[in-house]
Every structure is written in C-alpha cells, then in structure tokens.
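J.: Sequence:
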Amino acid sequence: MSLSEAKLREAASIAPSPRQLAWQELEFYGFIHFGMNTFTGREWGDGRASPALFDPARLDPDQWAAAFKSAGMQGLILTCKHHDGFCLWPSAHTDYSVKHAPWKGGRGDVVAETAAACRRAGLKFGVYLSPWDRHDPRYGAGKPYDDYYVAQLTELLTGYGELFCVWLDGACGEGPNGRRQVYDWPRYYRTIRALQPGAVISVCGPDVRWCGNEAGHCRPSEWSVVPAQLRDAAYTAERSQQADDAAFARRVDRTDEDLGSREAIAGAGALAWYPAEVDTSIRPGWFYHPEEDGRVRTADKLLDIYLAAVGGNAALLLNVPPAPDGRLAAPDCAALAALGQKRQALFAGELTGCARLTADSSAEGHPPALAADGSAGSWWQAAPGRTEAVLTLTFPQPERVSCLVLGEYLPAGQHIEAGCIEADGRPVAAFTVVGHKRICRFAPVRARTLAVRITASRAEPALRLLAAYR
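Each residue of the sequence shown is one higher than the one before, counting from 1 in UniProt numbering.
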C-alpha cells in the first residue's frame, strides 16, 4: 500500500512531548534488579519466601551510582517491587516488605537510600513497580487490587523526590488465588500524571516503547513515529516475556522489525510519537547469580549495544544486579568502567570545531552553523520544499575521520529516511533514519571534506547535531 500525501504530512508533523524530549536526552541509564530473588537465587519469585531472607550486609547504593556514572549513565531505575510482591520500602499497605525483614531491624528503606545516592551522584531516579503481585491476596479481585496498587504507586510517587521514569512491566500471571488481574492502566496513568507530571511512563505506558526484545538487539531503522495502537498496554503485555525462562534472548521477530517506514504506516490508523527503549542485562539473568560472574558482557560487547541503541534513535537501559551483600560484583563494575573509557576515547577527537560547515540550502534563520554549535535549541533546516540536502565539513587540512554523529531537531518531527557520508567525494558510509541520534562509524579515512548527503526525507530535514570524530 502506498503512502498518501496526507498520511506523509501527518507523520512528519508528529513531535514529542516535553517529557519525552527530556527523557531522550538522557540516552543511557541503568536498571537495578534487587529484591527477594537476590536471596533465593530465582528470577521470578512466587511470593512465598519469608521476609527474614532479606538481609543485605553491606547495601551500598552509592557504589551502584558511582559504577553507573563510570559507564556514562545518566539515570537509575530500581525494582521497588518485582512479581513476588516484596517491597523494598516500608509500605503501609502490606506486611511483605523491608519493614518485616531483619535488615536494619525493620527500619531500612532501599528506595530512600537509592534515591539519595542518585541525588548525590547527579543521576536521575526512576521506579519499577510490577503490577503482577504473586503474594497479595487481592490480586485478581479487580478494584480491590487496583486500589492497593495505586496506593503503593502513590507512596513511591510522593515520598522519594522527583522521578524521571515509572517503568511498568507487562507480565500478568496468576496470583496466590489462581486468578489474573485485569490491570486498570488508565487509572495508573492518571495517578502518575497527577503526582509526577515530568516522569515518562515506560513500556506498558504511553511515553516510551519497548524495543521488542530483552537481548539488546536493535532495529536498523527505528522510527519514533509509529501506529498509535502500539501504545496499547495490552498489546505490549501480550508480547512481553510471560514465563520464567530464557525466551527474552530471542531476536526481534521479522514481523515486528519495521514499525515506522512509509510501507508500515500506510495502512495504519492514527500515528503517535512513541520512541524506543532497548533494555538488556549485563548478565544472562536480571537478578544476581554467582554462577554468572564469569558471563558478564565485555566492554566491547556493551559498546556495540550502546552504539546500536543510542546511535540508532533509541535509549539504552542496562541492568546491573547487585549481589546479596548489596553491592555490585567486581566483574560488573570493571565492565562498566571499561565501557565508559571506551566511550570517552571514541568521542575524544572532535573535529567539527575546526571545520567550516556549509549547506546547499538553508531556511531563513537556520544556517548550517547551527547544526554544530552544541545547542539543543538551535538547528539547521533545509530551504522550504527541499527534502534532499548536502552539508559539507571542510577542514583546514586533511584529517583522519572515522565517525560522524547526526541528530535531528525533534520538536519539528522525525523526517530523515536515508542518506550517505562522502569523504572527498567518495562514499564511506550509508545511513537510514536519524531521529534523536545516528552514530555512523566507518573505516578511518583522511579527507579534507566530509559531506552528509540526505537523499530522502518526509519533510525539510532539520539537524541540531552534526559532529565528526577522528
């Protein structure tokens, strides 16, 4: 089915909300899976483990935050309650929490300590609260459980400062009574919007989309403008991991690989800005297991995932699970630090500042220099009616170049569909969608000119970022 001009204009006009823009700027943040499963050795608990098992000897959220910072992360999301129902804060609405654990004599609060550590480290803080609860008898009873869940949401949203994200899981199994709950998603969303209006609601929410797998695999062309039906929480839950097994390591199904191309949206109804998040774990599991200490992903592998996700118009959420003593294990910390060093080295030799940037056309008030001035609020834009463009960096003398980074001005929409990079007139790389960021790496070349040739765009292309690196 071909795309009508009206549908093309609609797709080009859709833009992110302020909260989505702020979230996208974070790019890379971490997950902490910590809780009862850490002490039982399970991935999904059944809600019957005794609170007496929860007793970390050296809980150290400052260490978590420091390790995340060393990798270049800008935020941290904590599993405040996983599917087993055990709460890492002293909730007033259940006896299944740290309040009834021996840790700190029942006076501890992991959420409070983690939020404070994030503030000290300059990290944003977010919360994960599983709707599935395998412990609470109200689960599956309809409104009584929704009341309980909203009460717990309210505790987290009002007691721990500003949150950047509320991460809602799609898992929906049976509770202790053998029943499943039909989640009242609209009520959950209203509660979050009222109490934390700046927080994005992720995965089973309207703001941030699950990429479709938990293995770190990314689409080659990740559009943020997609069919609005993808925001339906039931659609996401239906495709989420629904069993405690290794199925999350599957690659994206081919049927889901193309969500936003002209062909994909031609037959769709309403469209929405629904950007992707790539979530994966540094280990095979999401919770800590000592037998996996030798299976931590290497810094090189983590860098590949980072470049594909953040450099492919998605955000990256990397899980790093603490051990039972409450600290991140040494192999994980080493991998994170090495990742940070590799990222810094890759982007250390910035060349744009010494080059002259020109374009074959520009809209009034948006000259090419604005694409390279380092400001997110200024941008180059092609002349009205132009959907192809060439921007050229000219260096004072030939320079070694191996990487080019592009970023669209997203308040104007996501427009660029394809292009290529030329060094002294020779093609060295091709790219598809750009969106928030496209990181193009290629074999090192020496060149006096580096040209970005945009060959297809849904409307006039607009770039807020253009940077070349050695």
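Source of the hints: derived by calculation from the structure; they are not laboratory data. Take the hints with a grain of salt, since some may be wrong.
Distance condition first, Cα-Cα at most 25 Å in a straight line; then the derived DSS-like pairs of lysine-lysine [said to hold, decoys possible]:
#1 K7 / K301
#2 K437 / K69
#3 K437 / K342
J.: Could you tell me which of the numbered hints above are not met by this structure, giving the numbers in increasing order?
T.: 1
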